[in-house]
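Enquirer: The primary structure of each chain is shown beneath.
Number of protein chains: 4
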Amino acid sequence: MSTAVLKISCPDRKGIVAEVCQILADCSANIIDAQQHREELDEQFFMYVKFDCSELNCDRSILETRLKAKSELIGFNWSVSFKDEKKRLAIMVSKYDHCLYDLLLKHKYGELDVDIALILSNHPDLKATAEHFNVPYHHIPRNKDNREEADQAAVDLFQKEKVDFVAMARYMQILTPTLINAYPNKIINVHHGFLPAFKGAKPYHQAYTKGVKLIGSTSHYANEELDMGPIIDQVTVPVTHAHSAEDMVRAGRDMENSVLSNAVKAHASDRIIVYKGRTIIFD
Amino acid sequence: MSTAVLKISCPDRKGIVAEVCQILADCSANIIDAQQHREELDEQFFMYVKFDCSELNCDRSILETRLKAKSELIGFNWSVSFKDEKKRLAIMVSKYDHCLYDLLLKHKYGELDVDIALILSNHPDLKATAEHFNVPYHHIPRNKDNREEADQAAVDLFQKEKVDFVAMARYMQILTPTLINAYPNKIINVHHGFLPAFKGAKPYHQAYTKGVKLIGSTSHYANEELDMGPIIDQVTVPVTHAHSAEDMVRAGRDMENSVLSNAVKAHASDRIIVYKGRTIIFD
Amino acid sequence: MSTAVLKISCPDRKGIVAEVCQILADCSANIIDAQQHREELDEQFFMYVKFDCSELNCDRSILETRLKAKSELIGFNWSVSFKDEKKRLAIMVSKYDHCLYDLLLKHKYGELDVDIALILSNHPDLKATAEHFNVPYHHIPRNKDNREEADQAAVDLFQKEKVDFVAMARYMQILTPTLINAYPNKIINVHHGFLPAFKGAKPYHQAYTKGVKLIGSTSHYANEELDMGPIIDQVTVPVTHAHSAEDMVRAGRDMENSVLSNAVKAHASDRIIVYKGRTIIFD
Amino acid sequence: MSTAVLKISCPDRKGIVAEVCQILADCSANIIDAQQHREELDEQFFMYVKFDCSELNCDRSILETRLKAKSELIGFNWSVSFKDEKKRLAIMVSKYDHCLYDLLLKHKYGELDVDIALILSNHPDLKATAEHFNVPYHHIPRNKDNREEADQAAVDLFQKEKVDFVAMARYMQILTPTLINAYPNKIINVHHGFLPAFKGAKPYHQAYTKGVKLIGSTSHYANEELDMGPIIDQVTVPVTHAHSAEDMVRAGRDMENSVLSNAVKAHASDRIIVYKGRTIIFD
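Chains as they are written, first to last, in full-length UniProt numbering: chain A, 1 to 283; chain B, 1 to 283; chain C, 1 to 283; chain D, 1 to 283.
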């Protein structure tokens with residue numbers, strides 16, 4: 001079965017589900033899963049439709065033309081993506097490799113519906129890991145004097161390699177607007193702390209000093225405000241007085257793997273809509 | 001806002017979502033939430049639609065007539081329920097009161113969208129609790145010699161009081177077919193063990209002897225096979241060697257409250273479809 | 001079996017475990033459970049010993065005298081408490097009753113090893129609940145003009161009723177130093193947010209706006225800095241975009257019950273030591 | 001700091017903690033952590049003591065001689081292990097590699113306090129992974145006709161390589177008594193199901209058919225009864241009607257990694273005592 005995802009958002013109005021589903025029915029698309037959400041405060045409507053497109057009675061472009069015509073008539077935002085046109089992912093790493101291994105292994109097991117276009121690092125250290133998994137490795141050194149140039153080089157590389165979205169697998173660097181604005185809501189970061197509690201550096205040490213009984217990790221889209229983009233996934237695990245800050249770092253690895261790979265999966269399968277700084281995630 | 005829920009199930013076919021949504025649109029019903037599920041093995045289709053019915057342009061009966069006509073034409077099972085016609089719940093208890101308090105409190109806080117019709121017990125013990133919450137209390141003694149009569153008396157009482165569904169809040173008795181068959185997939189039981197691991201009596205003692213590191217609770221619809229009806233909700237909590245069987249009983253109370261009240265909420269809001277012994281639960 | 005708990009803290013030194021255990025052995029006390037903790041940063045030592053005191057070969061006062069002599073000789077802080085001398089708990093409430101019911105029910109089930117001395121409220125509303133459980137109810141009105149007087153009246157009441165520690169079961173008021181300083185590290189508060197993320201008012205609304213994917217609750221000792229005393233327990237539950245702020249309030253109740261009752265249990269059974277603003281909790 | 005672990009078990013008697021701690025104090029060992037457990041039913045006593053042995057005033061053998069003498073005098077089982085004498089782990093694999101990667105990575109991060117002696121497989125497939133991590137890889141083919149010989153070859157290999165314990169990282173083969181009896185309570189298996197619910201083959205398919213709302217994984221010591229040895233760790237994750245059996249397999253990988261690596265950590269750090277088919281695990 002070949003599937004596709006249609007996402008719609010617009011001010012709420014009656015009949016929109018029927019009208020959109022009729023377009024799909026007319027093209028002989030079979031709806032497999034559909035979810036709607038209505039944001040109460042703003043009366044905003046969001047819709048996710050996953051459909052079987054293997055027996056379409058027309059070209060995909062015809063379906064898109066019909067959606068476009070309807071959207072202009074009644075007013076809604078829409079996007080459609082076909083599963084057989086996989087998104088291309090770039091993974092950015094520094095020296096920590098746990099999130100990298102996790103993404104590469106989950107990709108190998110068929111859990112991530114993407115092509116891994118490349119690994120980009122500001123260090124040469126993880127080249128052997130990239131080779132072990134047969135993924136191209138690019139090394140662009142980056143320091144406080146060449147951030148702009150390094151990020152522009154990254155943008156150039158990503159565009160050349162047709163990268164659709166980016167996972168910062170513990171990249172440990174603050175991106176410049178050059179890179180962030182080239183991929184708005186398409187760069188996923190993992191923060192090793194339970195946002196918005198502990199922002200910035202050494203969140204586990206902050207957590208230890210405060211004596212918290214839970215620590216967490218957060219994946220989010222990167223935007224210009226440090227560690228404050230739209231949150232995608234969060235996990236916590238219990239800790240006790242007996243956990244040193246180093247123990248928390250250890251406990252954090254599995255959480256970081258989990259929230260980053262969940263975010264990559266959700267983005268890859270087109271299940272996320274960003275609205276007013278929050279994510280709406282269909283499942 | 002006044003809302004309603006429409007549930008559909010049928011063999012999967014193209015266009016059904018559009019056709020059903022068109023009926024709603026024609027009646028000026030606004031879809032708030034909708035979920036579909038396709039059971040891969042059987043190619044069976046399930047659909048849940050929650051809609052705003054406060055601005056219907058016709059009688060509710062007209063909407064139902066149109067659904068009936070369409071269902072006869074293209075073949076699907078359907079039911080519609082209106083939130084302002086609350087379901088009436090009977091709570092069955094024995095002597096343990098934790099699940100009873102939990103349901104009465106959650107009802108008081110507005111979390112359970114039901115009218116609590118009555119409490120039925122085989123013991124007089126919990127009458128004061130019923131009175132504290134202003135709920136009618138009925139005492140029907142039950143022992144091994146009068147099970148049939150007691151269950152028939154329960155059925156009579158439930159029908160007189162227009163009971164729609166039943167929560168066995170640790171009733172601790174095995175129901176006869178007389179009662180079970182009068183309310184198929186409408187009697188919710190809570191089992192103080194992680195089914196299907198530990199069936200029958202004293203599951204926590206079985207868990208202790210086995211040395212498990214997790215214990216659980218399960219809510220399910222009661223059917224004629226003891227503790228084997230369709231599962232609705234399950235929870236586990238970690239235990240260690242230091243937990244005695246009595247400690248597990250304590251740890252179990254919160255779990256039992258949780259799985260039973262979750263099941264009552266899901267049933268009350270018409271989010272459950274039973275298919276081949278499994279539950280499909282929309283959320 | 002009659003049990004007691006001995007807690008020791010001091011700068012770490014060799015042999016202290018043996019010396020302390022020898023005192024217990026000399027009195028014919030049998031150790032049931034013991035835990036030590038060494039705070040790496042400060043080289044501080046903490047010890048918890050639970051022992052069977054039903055076959056002591058001497059008066060309890062003799063045991064205490066020997067501990068005192070040894071502590072003066074080698075330098076350590078110590079306290080001993082006997083389980084049959086139950087702590088007396090005061091519960092402070094406002095109008096929300098879920099934490100109150102939870103504590104009263106868990107006490108009834110034998111899970112809280114305390115005597116509930118009284119319920120104190122700034123409103124008359126929950127008197128019937130207190131009566132249902134046969135607990136004395138005291139109403140001390142409190143507003144912005146009489147905080148000092150009200151808190152002094154509370155202190156007077158607690159001392160008259162020999163209250164050992166206090167649970168603020170959603171009391172919803174900021175205590176004055178008059179009350180806080182009378183019971184240092186003996187007043188337990190529950191904060192309906194995951195500290196230190198969302199301090200102050202309406203944390204669930206803050207969480208909604210931020211778009212978090214987890215919400216939490218925290219129990220902690222009250223001190224003069226609002227919501228910043230030593231943390232005792234924390235819990236989180238997942239939420240999605242579909243949770244309104246009101247839904248989060250609902251989801252929060254079970255968490256608040258859990259973290260508050262866990263804190264009361266830990267304090268009642270003398271398993272907590274506070275050190276430099278953090279809690280060391282033996283289990 | 002150099003540390004060691006002393007484990008004691010015996011029928012409960014007064015004074016044993018003091019006597020044992022005195023031996024440690026006499027040797028100038030400093031207790032860092034200690035935990036006791038008393039099994040109520042059998043009046044059996046268990047003790048775990050972690051101590052700093054870097055400033056012992058005598059040879060380690062002297063300490064052991066004193067423990068032996070005392071044990072013969074008052075009767076207890078004991079064992080002592082020194083952290084700088086790392087245990088040697090053999091990892092057994094078949095074709096699935098997720099648990100293998102997880103162990104190799106956690107070892108690399110310093111989370112597993114072992115030396116990885118070798119990887120043994122009945123297939124050649126994972127040789128490249130072993131080489132990537134610089135661990136010796138041994139291939140011993142195994143089929144229904146040569147089980148005995150293959151397991152004897154494994155025992156010979158393990159003894160030659162001074163293997164202390166074994167992790168079956170999804171080895172997918174039933175061991176013969178030849179191998180099991182050579183390493184009693186030293187072979188850790190991971191079962192991809194929540195024992196004792198679903199034993200034997202395809203537990204996720206069993207779980208799907210039953211319609212469970214949680215799936216789990218279990219690590220346990222292997223013994224002659226299939227999947228019934230002493231349980232070490234268990235984890236569950238929620239599933240819904242929308243999870244296919246294949247989805248459950250995916251969800252299971254992280255759980256399997258978690259329970260197996262937790263078991264290896266606990267065994268490696270000498271925190272487990274097996275008693276009557278149950279594990280007592282100090283933390």
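These are calculated hints, taken from the structure and not from any lab test.
Any given hint might turn out to be false.
Because identical chains cannot be distinguished in the list, a pair is counted as satisfied if it fits within a single copy or across any two copies.
[To be verified] Once the Cα atoms are required to be at most 25 Å apart in a straight line, the calculated DSS-like pairs of lysine-lysine come out as:
1. Lys276 x Lys210
2. Lys276 x Lys83
3. Lys86 x Lys276
4. Lys108 x Lys127
5. Lys210 x Lys108
6. Lys68 x Lys14
7. Lys95 x Lys106
8. Lys108 x Lys95
Enquirer: Now look at each hint and say whether the structure bears it out.
Expert: Okay, the hints, checked on the actual structure:
no. : hint            : in the structure
1   : Lys276 x Lys210 : between (32 Å within a copy, 10 Å between copies)
2   : Lys276 x Lys83  : neither (27 Å within a copy, 31 Å between copies)
3   : Lys86 x Lys276  : neither (27 Å within a copy, 36 Å between copies)
4   : Lys108 x Lys127 : both (18 Å within a copy, 17 Å between copies)
5   : Lys210 x Lys108 : neither (40 Å within a copy, 30 Å between copies)
6   : Lys68 x Lys14   : both (19 Å within a copy, 22 Å between copies)
7   : Lys95 x Lys106  : both (20 Å within a copy, 16 Å between copies)
8   : Lys108 x Lys95  : both (22 Å within a copy, 14 Å between copies)
The structure fails to meet hints 2, 3 and 5 from the earlier list, while all remaining hints are met.
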